[in-house]
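Trainee: As a plain string of letters, each chain reads:
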Amino acid sequence: MAKSVEILLVEDNPDDVELTLRVLRSHHLANHVQVLRDGAEALDFIFCRGAYAERDINDHPKVILLDLKLPKVDGLEVLAAIKGDKRTKFIPIVILTSSKEERDVVDSYQSGVNSYISKPVEFEQFVTAIQQLGFYWLLLNRLPS
Amino acid sequence: MTAFANEERFRHTLDNMLEGCQIIGFDWRYLYVNNAAARYGRQTKESLLGHTVMEKYPGIENTELFALMHQCMTERTARIAEFEFSYPDGDTSWFQFTIQPEPEGIFVLTLDIAERKKAEMVSQNSEARLHGIIASAMDAIISVDEKQQVVLFNTAAETMFGYQAAEVMGQSLDRFIPQRFRQAHREHIRGFGHSGVTNRSMGRLGAIIGARANGEEFPVEASISQIEAAGARLYTVILRDITARKQMEEALLESEKRFRLLVEGVKEYAIFMLDPDGRIVSWNDGARRIKGYQAEDAIGQHISLFYTAEDRAHGKAEELLHIAALQGSVEDEGWRVRQDGSRIWANVSISTLRDEQGQLLGFAKITRDLTDRKEAEAQIRRLNRKLEKRVHERTVQLEVANKELEAFAYSVSHDLRAPLRAMSGFSRILIQDYNHILDEGGQHYLQRIRENASQMGALIDDLLKFSRLIREPVRRERVDVTAVVHQVLADLHLDPAAAPLDIVVDELPGCQADPQLLYQVFLNLIENAVKYSRQRDVIRIHVGAQELAPTAVARSQPVYFVRDHGTGFDLAYAERIFGVFQRLHRAEEYEGTGVGLALVQRIIHRHSGEIWVEAVVDQGATFYFTIGFPPEEIME
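So the protein sequences, as listed, match chains B and P. Mind the numbering: the first sequence is residues 1 to 145 in my numbering, read in order. Mind the numbering: the second sequence is residues 1 to 636 in my numbering, read in order.
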């Protein structure tokens, strides 16, 4: 059986994927990062459907890093689906997005997000942000067993 | 014939005379009494004869009659007198007594004058009554004889002419007539005397003018009558001073004329009268103008002539008149038809006219042509509908535009940053991972790419803030401005290497504003002040407020200011500094996006406030602004 996914990164921008993975890797924060490129794929993965039908639904990632603007199904819908299902609602979800719109922040929290981080343009700040969130959610945060 | 026979005949004659005859002796005893005397004395001959007068009529010795008889007894001279004789039973009757001496005493001849006395009394009474009437008459009564000399002048005549009756008795009538009328008047009376008419009114055809003692002339109404008494002709003139009546009549005529002129002259209102059946009886110029009918075409017509066919069918005119008759008046507004068939929108008021007894005389009708107003109202309604429609369309367009702008801003927010992050990130990675194969020039260029990406990130942030200000409502609340400024100072990112900061914040008056936006205003202004003062040894900034005096259109309100002593700028550019992307300094000198002051101005404007600046090159700049009153406060 494959090793459990530690971080599920749902992000359609390949640049952001590459930069995020580089930071996570260079700081040894995650060995098992699963990258998904749109909202539909993310839902399939979480709810073990389609290509991920073989997966165990109780095998939760430690954190989901979720972009808001996604092809097919957008981030807020994915968030609402996961948080609305009692099997998955404990999975920590961090919105990681370019948007600084207040509306997005409010909507996300209303759907039960655990954290909202807007990605800084400047790389140094971006590095710091990813580093801190990885450190917190993977190493410090404790979930019910 | 014998003496006896003669005496017998005399006695018989005397006995049967109509007059009472009696002979009374010196001793007052009746010596002879004829039948009439006994009847007048209400006694029998036998009861009288041989008895004294005092015996038969006790108390007689105290009467004038007795005194007269006594005189005759003693003085022996005849007497005639009329007395009211009192009988013992209290009754009285008038007699004429002729008393003459007789050898044996006195002879008394008694004549019954009761009837004559009665007639005299009546005549005296009626004269007294007549006199009373003449004296108390309101009209002047003057009688003249044939020579036209005054024989009667009553109290009213005294008052009217200002003479006492005594003054004018026997005088000519001339003095009561002004000089110029005297001749005509004399002839008039003479003519009247020959006419044989006993009375007629004088002066019906010509005005009769009287003259008072003081010379004042006055109009009189007169009637004259003539009587012939004892062969003399008497003219009696009855005069009434009609000065007051004449004046009243003239005043009434004058007022009537004024009123008629007024009504006829009114052009803005049709004013006309209707008889009780609703037929037109008068027509003014306004009516001609408004209704189009000439007076001769209108008068006599029924009021329903002006109503539309539909109103006529419903008997609207009759209904209005009915209501007016019931309530005293009625008002109506509606379409009426002119003579040429065109329609007017009329405001109609009908008032009922009644006489003192409450009898319906007719109606007064006032009509005003409100067609222009009606059309103006319709026009306003049309324009309003058009305007509403346009406003609605614009609102929809605006909403669409707003939505598009929002979508655009959202997209910018999401999508524009990602490439910049990639540029910044990969440049950094190049420097980190490939530093050993990059020379100084390569590293410099990569650094420039990163700096530009960062600058563009800041630009995007400011632009989004700016566009959000257009889209989002201002949420006003009571703001402690001093506290806001202190919060700004606490949050200020200061360059540790920069010159020391000496900032003075006065106690600032509060205002109604969106606290977050006000924070943004002070943040931008203070950051600017710091930025443009950084070559100074000490950065001195003053944040304060002054009171702006009230004007005719605005209440007094505070003016907030932020003053620095930095580089300042040429006021010629003052207009430009509030424009988006406008900069007065080269980017190498002072970093910035060129959006900051535009953002400040937009916030102030969204608070109905104003912002302006004073600056001197190399000496500093002061930004002033006001926060306007919320719309609902302006309404108060």
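Hints are not guaranteed to be accurate.
Unchecked claim - Within a straight-line C-alpha distance of at most 25 Å, the following computed SDA-like cross-link-like pairs (lysine to any residue) qualify:
1. P:K403 <-> B:L139
2. B:K100 <-> P:G265
3. B:K100 <-> P:Y573
4. B:K100 <-> P:E591
5. B:K100 <-> P:G457
6. B:K100 <-> P:I177
7. P:K403 <-> B:L133
8. B:K100 <-> P:F218
9. B:K100 <-> P:R476
10. B:K100 <-> P:I133
In short, the hints are calculated from the structure, not lab data.
Trainee: Now tell me if each hint is right for this structure.
Mentor: Hints and how they fare:
1. P:K403 <-> B:L139: violated, 43 Å
2. B:K100 <-> P:G265: violated, 80 Å
3. B:K100 <-> P:Y573: Given pair K100 (chain B), Y573 (chain P) is violated - Cα atoms ~34 Å apart, limit 25 Å.
4. B:K100 <-> P:E591: It holds: about 23 Å lies between the C-alpha atoms, which stays within 25 Å.
5. B:K100 <-> P:G457: Holds. K100 (chain B) to G457 (chain P) sits at ~12 Å (cutoff 25 Å).
6. B:K100 <-> P:I177: violated, 119 Å
7. P:K403 <-> B:L133: violated, 34 Å
8. B:K100 <-> P:F218: At roughly 109 Å apart (the allowed maximum being 25 Å), F218 (chain P) and K100 (chain B) break the hint.
9. B:K100 <-> P:R476: holds, 23 Å
10. B:K100 <-> P:I133: violated, 121 Å
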